Amino acid sequence: MTSAAFRYLPLVLLALFWEALARFNIVDSLALPPLSKVAVAWVDLMRDGELVNNGAVSLYRVYAGLGLAIVIGGGLGMAMARWRTLDAFINPLVQLFYPLPKSALIPVTVIWLGFGDGSKILLIFLGCMIPVTIGAYNGARGSEQVLVWSARSMGASRLRLMWDVVVPSALPELLNGIRTALALAFILMVSSELIAAQQGFGYLIGYLGSTGAYEAMYAVVLTVAFLGFAADRIYQILMQWLLRWRE
Amino acid sequence: MARIEDHIAPAARPAGISRPSTRRLDAAFRSGAGIFSILMLLIAWELFARSGKVTMFMLPPFTVVAKYIAADATSGVLWINLAVTLYRAMVGFFIAAVGGITLATLMSRFRLMRWFFDPIISVGFPMPKIAFLPVIILWLGVYDVSKICIVVFDSIFPVVTATLAGIAAVEKELLWSARNMGANERELTWQVVLPAASPQILTGLQVALPIALIVEIIAEMVMGGYGLGGAMMSASRFANSPGVFAGLVEIAIVGFVLIKVMAMLRHRLLVWHEETA
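Order-wise, the sequence lines are chains A and B. Take the first sequence: its letter number 187 is residue 1072 in the numbering used here, and every next letter is one higher. Take the second sequence: its letter number 164 is residue 166 in the numbering used here, and every next letter is one higher.
The hints are simulated quantities; they were obtained by calculation from the structure and are not laboratory data. Check before you lean on any hint, since a few could be wrong.
Listed next, with one range per pair, are the computed distances between beta-carbon atoms [what the hints assert, rightly or not]:
hint, chain 1, residue 1, chain 2, residue 2, range
1, A, A890, B, V147, 49 to 59 Å
2, B, V56, A, L899, 50 to 60 Å
3, A, W1126, B, L43, 37 to 47 Å
In this text the structure is predicted, and so the values were computed from the model without any measurement. C-beta: ideal position from N, C-alpha, C; glycine also.
Bound conformation, chain A alone (with noise of 0.2 Å):
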């Protein structure tokens, strides 16, 4: 306890280092709102729902597209490593999709879907494919071959074969690739809706921005760091829960 206490001083001592900057004026408070009027502000937001309100359509929008990613990223990679007249066909365009900085592509989606949850969730499902597609393809390509000819021997068909022996053993690196694709997740989220929404997380922080409600601003801010930061957590014990087959 007391040790945990230590390992995490540092981040109170921020705390309360921002709260004296903000009180002695060292800083404009407009600039640096003290961190106690940020928390004030916070309980705010969420007595007036909007803060609620806008987190719900935003975590929908990230899972959904998260969702699609994992199921059609997950199926291509490993029907990629399997076949090879696929792989040689479609590897070229994940090749030349993966360097893509993703965010060039929120102009885009709006054309085609406009301003609403359609651009967004579209927007992180085409960013987290990727990541999630070579994680699927590395692993599955790892899987021992020793392995996929007994199950052959042993009269697994194909499909079988994919979900008893391929899968498994791509499992490791596939959920890595969904690590990369959550943390991607959160930032094409954030970002789409500061750049163009009416809704969400980012529109939030955008309209109290222009407003000048700047304590709001910060908490909403430091609402959606913590929430992509408790994300990656949560996933990670998930990740240890589904490799504790391994050694």
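Guided by the hints, dock chain B onto chain A, whose structure is given.
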């Protein structure tokens, strides 16, 4: 067991035991299929855009977009935007690289530094730091400094974590023998620890580079002004969809070239290392 083969000859693995001639045929088939796929993508884009199923606004044909890029290149606008974007992304990336490696080195040498920065790094790494963009605008305005700042803020974390991991994995025997031969702490850091950790440091830089580009483009889109992302945003404001797609193609090419250059650099810098052999 299949793993080791993977690293040596990725393309040849599925064929099992193959003679050199079939392997060469296989490689030829693969690169042919690659060119074919990319060409097919462009032709499909062109045909689909001209089929009348979508409007010019939804998807301008590839030839229209290519003409738009050519016009931008001859008028010089493209080069200004390209230079501005590259300048900010690269300065930010460079500061993040030097700062990140320095911070991680100090953290692994001094316990106080480690104690202070360890929780900040581990909590900050998974955060979507782009959410702080409006705060940075509030502090520093909308010009180069704030754009470079957000790039540094976002891309420094993978450099720090990779460098820390790399330094922690340096073999103890190397340190012992260097100390035994009378190296002081500074020589140890520069001549033993950092070179031995360099493969992992480079991996961290390879993670940080795309982040720097992604964030630079977002910052330009939010703040406006010159740059490839800024140009894309103003094109989208005027419903100029060839301009938007031209921006997408330009940014894709920039990303592709930078990542290839980075991979070549890695190969160059690690000639001495077994991974290149």
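Hint check results:
Between A890 (chain A) and V147 (chain B) the CB atoms are about 37 Å apart, so this pair departs from the stated range of 49 to 59 Å. Against the hinted window of 50 to 60 Å, the Cβ-Cβ separation of V56 (chain B) and L899 (chain A) comes to about 51 Å, which satisfies the hint. Separation of W1126 (chain A) from L43 (chain B) is about 40 Å and conforms to the stated range, judged on CB atoms against 37 to 47 Å.
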